[in-house]
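Asker: Sequence:
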Amino acid sequence: MINTLTMLCQAYHSIEGYPECRYMKVETRKSVEENSQYSKIPVMYWDRSISNPLLKVPNGHFVIITGRLENHPDFGLLVLVEQLRHFPSNLKE
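Residue numbers (our numbering): -3 to 89.
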């Protein structure tokens, strides 16, 4: 089964107890008038190391990631990041 996804998201906090993972925040809006809702999605870089570019992105900065879904025993699904593009941002959390 082939699964590939690309998403624009904001770097969010690291995941306690999992130094190789972090959350990414994505915005969902049902209509223009409604307030935004945010989801936290667990992500891990493809090499599964604790020293990788994904973990060096400051919180709140925008990132485009391309990767695939993978099953994780504690999170259920997570995104295994194969490529990322970091866009520095002056937005505050």
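Treat each hint with caution, since some may be false.
[To be verified] With a Cα cut of at most 20 Å, we get these calculated SDA-like pairs of lysine to any residue:
1) Lys36 - Ile(-2)
2) Lys21 - Ile(-2)
3) Lys52 - Thr24
[To be verified] Computed Cβ-Cβ distance ranges for the label pairs, DEER-style:
4) Thr62 - His9: 19 to 25 Å
5) Glu23 - Pro84: 27 to 33 Å
6) Val28 - Lys52: 32 to 38 Å
Hint data in this document are derived by calculation from the structure and do not stem from the laboratory. Don't be surprised by glycine CBs; every beta carbon is placed ideally from N, CA and C.
Asker: Quick check: which numbered hints come out false for this structure?
Answerer: Violated hints: 1, 2, 3 and 5; rest satisfied.
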